[in-house]
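Please model the complete structure; the sequences and the hints are all you need to start from.
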Amino acid sequence: MTSTGAGAAAIVVDDIRKSYGDLKAVDGVSFTVGHGEFFGILGPNGAGKTTALEIMEGLREPDSGSVRLLGESPFPRKPALLPRIGVQLQASAFFDRLTAREQLETFSALYGVGAGRVDEMLELVGLTEKAGTREDKLSGGQRQRLSIACALAHDPDVVFLDEPTAALDPQARRNLWDVLRVIRERGKTIVYTTHYLDEAEILCDRVAIMDQGRVLAMDTPTALVRGLDAPTRITLERGTLTAADAAGLPGADEVGEDEQSLVLTTRTPAPLLAALAERGTLDGLQVRTATLEDVFLQLTGREYRA
Amino acid sequence: MTAFKSLAKAMAKGLVRDKTTLFFSFLFPLMFLVVFGLLFRDAGMDKIKLGAYGDGEVVVALERTGAVEVQRFDKLDDGVAKVRAGDLPGLVEVNGDRVVLHFAASNQAQAGTVQGLVSGVTQSLNVRASGRPPKFDFTAQQVEDSSLKPIQYLTPGILSWSIAVGAVFSAGMTLVTWRRKQVLRRLRLAPVSPVTVLSSRVLVTVTVAVSQALLFTGVASLPVFGLRLSGTWYLAIPIFLLGVLAFFSIGMLVGAFCKTEEAATAAANIVTLPMAFLSGTFFPIDMAPSWLRAVSKVFPLRHMNDGLTDVMVRGKGVEALLVPCGVLLGFILVVSFIATRVFSWEDS
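Chains as they are written, first to last, in numbering that gives the first Met the number 0: chain A, 0 to 305; chain B, 0 to 347.
Relax, there's no trap hidden among the hints.
Which chain B residues face chain A? A few, computed with CB under 7 Å, are given here: (1) R16; (2) Q181; (3) R185; (4) L188; (5) P190.
I should point out that these hints are in silico values taken from the structure, not numbers from a laboratory.
Quick reminder that beta carbons are idealized off the backbone N, C-alpha and C, glycines included.
Here's what the structure looks like:
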């Protein structure tokens, strides 16, 4: 997926740094995003995700280091480059008192694109029914989707999304995931920031985990989790098996017990699960493998807090 | 559609749907125009009342002067009682060739006016009755004076005030709201030049100002208010446009300085309110003490107001454009320059 060849990369970020006073918002970040890749930048609030994104978009000049966006430096502002990128901002950047359709029409016109794609965009983000509704009357999730539609109206090659799922309820987040998947299927290069690790694990081809201005790890979500070499935890209802019996099962490394459940830790889940199945104790069984949150915990030594 | 047209359309739609702004741009100034227009309509036109007992040439002649409103009495005592009560400044008693004026000394000025009037009318009738041509020829000639009927200064005053308020508020608010909602950032990331964004905003502001001008002069021209535009009213166009731009640039400065809508509202009020009171919007500035008149010269609204009044209702010529246009142009250049220095795309 990744290639460091100049022709194949949509974005090349090379050791960028940005300080605000004493605060090192971005402190030596490098990565490459390939064409058509869905690249996630994760981290808690204040990790430097947004600043990194703003430098990539050409909104800010890095103190040092360089960015090549589609082969060009995005800073200072390059009007010829702008039609090739689409940007969704953290705040809802809409014109006052316009309907969803009018917002899209206006943004299309800013790029010299006719209103021909407006209906398609509304359909894409599931707002066809809300075309005539004013932006301030839309729900948070609908507004985020409209904001993404506005970023896509001129059919850009690279799309930057800054925390599109922040402050949304679970249902709205899942709706948005569908939209993001469709955009990816259209072959767009997507760079997106989020502080939801679970979401990044599901959506992204590759993720960079950031904390305090630095990239702590970068790979596919699966590789990151595998690299953690974390054990699988199998939880059983208490009483289905005694702790002593459980400890004797093949592959069971550790056994723990509390009021409700019995927890088995293993690095070889397959024989252990087979043995549990033989004993008919699969009812109510839960298997939990490591997630990006465990990766974060491992990298920073502290619990992840979004 | 071009970026310019679609931005202008977007802002125009946003404005038309904003009831508060519409109210303050159109209805609120119109209320002032209507209230003051009606309140001051008959100011300075009160006729002196004069009682009359009996009939004859003198009474008829007094009525013809148009300077007094004659109130007739059937009984002399009733009329004299009114004079004594202070309801009437005087009463003319005509009995054949005898003309007697009863007057109250309490109101010296009116009594003097009434005496002069009655004796003047009586004397001229005497001259005519004598059959000899008068030795001294007397004609009265009206001078075009600088005092105007209230509606004549109210209309340009309220017009320039409402344009000033509208332009300052809308320009300032657009900038602050767009910065806070990151619309400015979004525009910066679109291939559209700042000149396009700015000029589309100017177009919307000018359109609003033209609508205000049409509405207010239209209403003031209704017979009930009686505004009469001079033949040189079209000279108001350059002053008008420069005025809109001057206040637009002040709005830009307000928007460049302020980070929140609340701060922008306060700043816009601080800028526009003193100007409104000291620039002759609601009363002629000539009535103010001289130091206040001097202070008011620093306000662009004063110059816009003076300029508009001169060409719209006083009928002055091109030479009247020089000072207001020069001052407004200077304001535009200086204030816009400062605004571009202070301006920032982002909050931080």
